[in-house]
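All chains should be built: construct the whole structure from the sequences, respecting the hints.
Just so you know, the protein sequences line up as chains A and B, in that order. Mind the numbering: the first sequence is residues 7 to 212 in my numbering, read in order. Mind the numbering: the second sequence is residues 7 to 212 in my numbering, read in order.
Be aware that one or more of the hints could be misleading.
Because identical chains share one entry, a pair is satisfied inside a single copy or across any pair of copies.
Mimicking SDA-like on lysine to any residue, the simulated pairs with C-alpha atoms at most 20 Å apart in a straight line are [to be verified]:
1) K12 / N62
2) K41 / E52
3) K56 / E45
4) K41 / N62
5) K144 / S22
6) K56 / R46
7) K41 / Y19
8) K12 / E77
9) K41 / G116
10) K144 / G169
11) K29 / E140
12) K12 / A32
Hints in this document: simulated from the structure, not taken from any laboratory. Predicted, not measured: the structure shown is a model, and the values here were computed from it.
Protein chains: 2
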Amino acid sequence: MEFSSKLLENAVYEMSQLPGIGKRTALRLVLHLLKQPEERTNLLSEAITKLRSEVNFCKSCHNISDTEVCEICANPKRDETIVCVVEDIRDVMAIENTSQFNGLYHVLGGKISPMEGVGPQDLNIVSLIQRVKEKEVKELIFALSSTMEGDTTNFYIYRQLEGLNVTTSTIARGISVGDELEYADEVTLGRSILNRVPFENSIKAS
Amino acid sequence: MEFSSKLLENAVYEMSQLPGIGKRTALRLVLHLLKQPEERTNLLSEAITKLRSEVNFCKSCHNISDTEVCEICANPKRDETIVCVVEDIRDVMAIENTSQFNGLYHVLGGKISPMEGVGPQDLNIVSLIQRVKEKEVKELIFALSSTMEGDTTNFYIYRQLEGLNVTTSTIARGISVGDELEYADEVTLGRSILNRVPFENSIKAS
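So, in structure tokens, the structure goes:
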């Protein structure tokens with residue numbers, strides 16, 4: 007792509023560094039900003055600079071927070087004895103949206119992935135083990151994605167917990183509510199049969 | 007979506023104001039920025055702020071340019087007597103990429119669209135007529151998209167040119183090179199038959 011302006015080229019280049027944004031989309035976005043009032047652009051650039059420089063992570067669960075301890079961890083009504091281990095803060099938001107979980111979270115910040123050069127030391131695992139040792143955590147729920155990396159991470163943490171008095175569980179995998187069996191993949195359908203639940207439980211849940 | 011941080015919420019909101027970027031994508035982009043070194047975020051926000059505040063439009067053709075007159079208009083090797091009228095600077099880039107046009111451009115900045123509240127006064131039409139009157143423009147090529155708005159704009163400009171000594175043309179519409187006739191839409195195929203060109207021309211072009 008040939009640009010008639012260095013400023014434009016630079017803005018498009020920086021925009022295209024975002025994931026899923028190619029050169030053409032970046033150009034479209036930048037030209038859109040040019041058509042908007044100048045305040046709009048300033049609001050956007052200020053918002054992201056400010057977030058980046060002032061962002062704070064909860065010192066207990068590593069969720070993004072404006073305060074030292076996040077609202078969830080600071081809430082006395084939540085059950086401190088159950089901790090749900092998730093990959094990133096989007097998972098916290100997704101689980102919070104269900105209103106089905108009243109415990110606390112622990113945000114790992116990723117999964118162990120040798121392919122991408124992410125090892126256990128890059129994740130918030132040490133602080134999780136610390137938390138289990140020091141606080142009264144009775145149950146850890148692993149809610150990582152069920153990929154090879156997710157399973158590896160679960161297993162790594164599981165091994166680190168040896169000798170500690172804590173039970174572990176994973177979230178249930180199965181056919182989505184409302185899905186047709188014939189279109190489900192075999193692995194999921196297989197798991198949902200192996201991990202079948204008493205009928206009374208499914209009545210309670212609905 | 008419930009956010010655990012006002013800063014995050016604000017950054018996601020501003021990002022989601024861009025066209026084609028929904029709340030979820032905005033969150034993904036912002037979280038990506040958070041994982042990158044702080045310089046990356048600063049480079050992005052500086053690039054767009056700088057572009058917005060220092061951007062310059064060529065005073066002749068209204069293309070984006072770092073100088074008062076853009077490189078194309080300032081190039082003495084280009085044919086000043088032919089002006090190609092386009093909607094926005096992406097069209098200039100697209101035509102430049104073909105290396106088939108040696109004239110100058112005129113960027114309107116949009117199309118006449120009563121539905122979106124865009125009238126002739128919002129576009130660079132007055133300066134186009136001025137240019138035809140003052141400079142030695144012999145031919146105007148309309149290269150707007152062939153929608154109702156594009157046709158309206160073409161016709162509006164055509165009427166404004168009455169009495170001026172300038173010929174007008176539109177770019178050829180027809181079946182794309184390499185396309186199969188059976189899949190072409192009727193209007194395009196119809197036009198490509200009506201506007202057939204001497205066989206010798208097609209030999210020359212290829």
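Do the hints match the structure? See the list:
{"no.": "1", "hint": "K12 / N62", "result": "between (35 Å within a copy, 11 Å between copies)"}
{"no.": "2", "hint": "K41 / E52", "result": "both (18 Å within a copy, 18 Å between copies)"}
{"no.": "3", "hint": "K56 / E45", "result": "both (16 Å within a copy, 13 Å between copies)"}
{"no.": "4", "hint": "K41 / N62", "result": "between (34 Å within a copy, 13 Å between copies)"}
{"no.": "5", "hint": "K144 / S22", "result": "neither (45 Å within a copy, 40 Å between copies)"}
{"no.": "6", "hint": "K56 / R46", "result": "both (15 Å within a copy, 13 Å between copies)"}
{"no.": "7", "hint": "K41 / Y19", "result": "both (19 Å within a copy, 19 Å between copies)"}
{"no.": "8", "hint": "K12 / E77", "result": "between (45 Å within a copy, 12 Å between copies)"}
{"no.": "9", "hint": "K41 / G116", "result": "between (38 Å within a copy, 11 Å between copies)"}
{"no.": "10", "hint": "K144 / G169", "result": "within (13 Å within a copy, 88 Å between copies)"}
{"no.": "11", "hint": "K29 / E140", "result": "neither (49 Å within a copy, 38 Å between copies)"}
{"no.": "12", "hint": "K12 / A32", "result": "within (15 Å within a copy, 26 Å between copies)"}
Hints 5, 11 from the earlier list are contradicted by this structure; the remaining hints agree with it.
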